Amino acid sequence: MPGRVARGIAPDVVRILAARLPSGTIVVTGTNGKTTTARLISHILRGAGFSSVHNRAGANLAAGIAAALLQHATFGGRIRGDIGIFEVDEATLPIVQPSLQPRAVVLTNLFRDQLDRYGEIDIVAGRWETALSNDAGAVVIFNADDPLVASVATRTTGRRVAFGIEDDSCSLGTLEHAADARYCYRCGVPYEYRAVYFGHMGVYRCPQCGTTRPSPAVAAHEVEARGLEGSAFTLMTPRGSARVKTQLPGAYNLHNVLAAATCCLEMGVALPPIVEGIGTFAPAFGRAERVRVNGHEAVLLLAKNPAGFNEVLRTVLRDTGQATVLIAINDLTADGRDISWLWDVDFEMLAGRIRRAIVTGIRAHDMDLRLKHAGVPDETRAVATDLAQAFDLAMKSTDGRRLYVLPTYTAMLQLRKILQQRGLVAGFWED
Amino acid sequence: MDLRICHLYPDLLNLYGDRGNIIALMNRARWRGIDASVTDCRLGDALDGDAYDLYFIGGGEDRQQRLAANDLRARKGGVLKRAAEAGVVVLAVCGGYQLLGHYYRPADGDDLVGLGLLDLTTVHPGPSSRRLIGNIVIRSTLLGGATVVGFENHGGRTHLGPGAAPLGNVMRGFGNNGEDHTEGGVSRNVFGTYLHGPLLPKNPLFTDHLIRSALGRRYGQVTLPPLDDRIEAEAHASAVLRAAGE
Ligand SMILES: [Zn+2]
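Just so you know, the protein sequences line up as chains G and S, in that order. Those letters in the first sequence? Residues 61 to 491, per this note's numbering, in order. Those letters in the second sequence? Residues 795 to 1040, per this note's numbering, in order.
With the rest of the complex left out, here is chain G:
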């Protein structure tokens, strides 16, 4: 990888090259949604006349950032581009923060996604806190609805702007089993919730120390969920409000859209191009991407952790009464090697409400057992360990209707490759 080599030659390469971007850099981090958020920021900024340098396709470690910068560097050492947009892993933020010296850091959320890689969620939060307190120059754009992110953000010394959902009708009512960071970061006792949007996102309060959710400066009001078609909401900002439509489905994507809107406002973009950019943005591969196969449609919905999976399941059930689903579970490093989290997903909601469930992937049998315990009957389920065969079987089972494909990260990449070989989808990262 060229980035790795370059960093070996000159450890300062990221710092030196990043400093040559005239409009500076933006760093996006968090467990879920950083790819979508970074791409949406890039899309809006492009509409507003910026050209951006952006790391892609999961190359979000420090070496990937160096590679992205080098690709845009001329022989004279100039960078072709105005602004850098880098998505970085939760654990990488403290490593790249000093060399990038970003103008803005966007914190989407913290889920217990890949514990076996990163250790406990509090440790990651602690590292963020250290990284961000050492740099008062960056504006911190953070998710007020995530108590852990908010408690980290509110300890930073620089400027900060909160975003969040302000619509109690989005509330699920009760906390899901998937909720991770439900304990007060200070006291360790469980929060009380007035509204739960998904996972541990919501309007919370600590009964012991009184910590409350910060009031968001940029917020989504009057949310209208339209299933897989996306949603509409009123975007309230310090610079006015507007009705916004997004093609991105689910409550989790509202946070991504709000994060991108807040970030672009901070970069000085006016509200109309932001609204325009949100409306024209199409989902990235695996994030509600639609594929046509022999005239029929398959929708890919990445499902990589309990809260995200629950949200995807709700989106599917809202979309249709008797869905055919293909669930592909891998346990490679990028997925998280521990698949225990499948038992925190509320698959019980599928019982009696789906037409057929085909399971595949390295952990197909674990998934099958999970569905059995969730009350999905034997005659509704089928196991096909080979991904291509499973896809064909699933397409055949839909009776011409839409197929919902719910893969973990590496299963999605494998499936994407199969579809690409069949000429059904374009190559990676065509933007």
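These are computed hints drawn from the structure, not numbers from a lab. Predicted model only: the values in this text are computed from it and were never measured. For each residue, glycine too, the CB sits at the ideal point set by N, CA and C. One should not assume that every hint holds.
Part of the chain G face toward chain S, derived, beta carbon under 10 Å [claimed, not checked]:
1) R106
2) L431
3) T445
Once you have looked at the hints, place chain S with the ligand on chain G.
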């Protein structure tokens, strides 16, 4: 017949899909026509010693584990100890397992004093030491030499005293401490293990052993009718293969 389960600290110690164990206990009882109920018992709640046949306690992060340890000792320890002495089943996983021992010595901070239900101690060898993470397969003499599969992820190293027998011997993975090939600790009907998450769904023999032991105290010798475990067998076998392939 009814099976009364008490889930200790479900919102505090719930790190690794521990809910899967409750689901498996409930379903495997209900699939046989046995009524099953689960009661959550949280921080600050008192414990009714006569109300349950089986206690389950899961794993959590350090801070949550410390909160649970204090509450366990202050409010629930006496009741739980008497119940265990009377033969009630206790299943503890990960952090909960450590708390059933004499103490847990974290990488920094004071020792967490445990309940002493199991003759074992746990020491975290320091922040720079590696966590013991991965798929694990053990062979359990308790279950007639059957394999038990799961996933482990722990920093602490546990050593058994003479009063506790291991749950099994490690075939793949680390187990109690990564050195002596033991995994878990058992004393009477108290079971502790590092195998977390869907431990019980994928190990129906172990689940049935727990259900039988839990019912046995009130109903005498109980025979559980066999279930169709083909899906369980597939999941179990694929987990064994997965661990072997690493
Ligand atoms: Zn508090």
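Quick rundown of the hints versus the structure:
1. R106: Nearest chain S Cβ about 41 Å off; hint violated.
2. L431: holds, 9 Å
3. T445: The hint holds - G/T445 has a Cβ within 10 Å of chain S, the shortest such distance being about 9 Å.
Hint check: a violation occurs at hint 1 only; the rest are consistent with the structure.
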